[in-house]
Amino acid sequence: MRILRITPIIALFILGITVNANAQCKAFAKKVCLPELGSYTHDGNYHAAVLVEGEEAELYKTFYSDMEYRVAVSGEEDLPKVEFKVLDADKNVLYSNKDNDYSPTWDFKLESSQQLKIVVKVLTSDQAEATPESGCVSIMFGFRMKK
Amino acid sequence: MNKKYGISSGILIVFILCASLVSGCRSGGNKAPADDLSVNVPQDNSAVIRDVKQAKKVFDALPSPLESAMLIKSAGARFEQTLLNPVSDVNNYVTNKSMALNLGIYTCDLSYASLYDQTQLIIDYMNAAKKMADGLGILKAVDQATIDELEENINNRDVIMKIVSETFMNSNSYLEDNGQPAIAAMVLVGGWFEGLYISTQLVEMKDFNGNKLVGRIIDQKLSIDILINLLEQSKGNPAIDELIDQVQHLKTVFDKISISTSRVQPEYDKETNTTILKSQVKTNMTPEVFKELTAVVADIRSSFVK
Chain P
1 MRILRITPII ALFILGITVN ANAQCKAFAK KVCLPELGSY THDGNYHAAV
51 LVEGEEAELY KTFYSDMEYR VAVSGEEDLP KVEFKVLDAD KNVLYSNKDN
101 DYSPTWDFKL ESSQQLKIVV KVLTSDQAEA TPESGCVSIM FGFRMKK
Chain A
148 MNKKYGISSG ILIVFILCAS LVSGCRSGGN KAPADDLSVN VPQDNSAVIR
198 DVKQAKKVFD ALPSPLESAM LIKSAGARFE QTLLNPVSDV NNYVTNKSMA
248 LNLGIYTCDL SYASLYDQTQ LIIDYMNAAK KMADGLGILK AVDQATIDEL
298 EENINNRDVI MKIVSETFMN SNSYLEDNGQ PAIAAMVLVG GWFEGLYIST
348 QLVEMKDFNG NKLVGRIIDQ KLSIDILINL LEQSKGNPAI DELIDQVQHL
398 KTVFDKISIS TSRVQPEYDK ETNTTILKSQ VKTNMTPEVF KELTAVVADI
448 RSSFVK
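As they're listed, the protein sequences go chains P and A. In terms of this note's numbering, the first sequence opens at residue 1 and continues consecutively. In terms of this note's numbering, the second sequence opens at residue 148 and continues consecutively.
In short, the hints are calculated from the structure, not lab data.
In silico BS3-like links for lysine-lysine, alpha-carbon gap of 25 angstroms or less:
#: 1; chain 1: A; residue 1: 417; chain 2: P; residue 2: 147
#: 2; chain 1: A; residue 1: 425; chain 2: P; residue 2: 91
#: 3; chain 1: P; residue 1: 147; chain 2: A; residue 2: 425
#: 4; chain 1: A; residue 1: 359; chain 2: P; residue 2: 146
Based on the provided sequences and hints, a complete structural model is requested.
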């Protein structure tokens, strides 16, 4: 009986945290990730999620030969570094920000349109005994017409 | 009575909580079984992270309405107002499905009008998109301040595109964050179909060969599986199931188009700090297949705007 009585309270509490986390994620994406697109036009799509250390996310998108693109991947301040890789349809790695000091952006253009896969991974911190951090990670795309 | 109420409200709230957690974790993505990309987990934290590792977030990103419109512009196509969904039809859309699809459609039309500096249409289509967003209960996607800013910058294409992009992001992030991924998917589907509809209608058969826009239409074959995966995340929803059937029909036509690409070779250009993904592509779409594609797209789009 007691459990039944406190369950709604706990549930509402966690629900509140979840809704708040989503709102914070959106605010983070707008405040931190969006400005990384610089002079590129944001496509308007929203890709963000709360990830835990060591967790991965992947994104599939078609990129067109007429455009120049910037991909921006940002993780919240408390998270360890965020690695992202870009792979072609045959799983060949075309770019990894690990080779570029974990830069949050990558500019590219294509000779022919391609569907690419972007794999984002929150690295694990060195402190093995610490509670794993979690936080918002956002992926955004900017584009402009080829010059 | 109190006991019954206590139990049922508890169950209800736990159900809402579970639904919320699932949707909150998705944020535009779905969960898929982890594949061969390994995750290094510190042993001490493994119990905490074990559950997280069971599934991986997957985002299926369709071209946004703004990007679809930009592809038409970049192909050098003309502006044709008669192809747009008339704003006078805005009151016809009363179901969530029709409002979601037409939010995508009107946003694509708005983007198309913006790129061709159609000032009055920009205002009209922003208001139509606002009406759809309001109908879906999307708070603050397009407020009066947005309309005012649009009017003040009506001759500044860059500002207009920024406003269109921002309002679209407000809409889809609101839907994702509030556990409505099916509606969010329908908005994207509407925008994608509108871009494809306008593109196919703008191609004249006498200009078929060598037409840049035809190339961009062929490119949409690359997104058809993304589109199906996006919809399948909400499979079981009758409105989505109907869309899956329509998209599967379209896929059978796209399957008649061949695209073969050589291995992609990245080449870094130090001067522009840009990587060029070099590859050669061979495509083949016969005029007959193009006509079939045009007819199927028009038929599906017609079912969206009726």
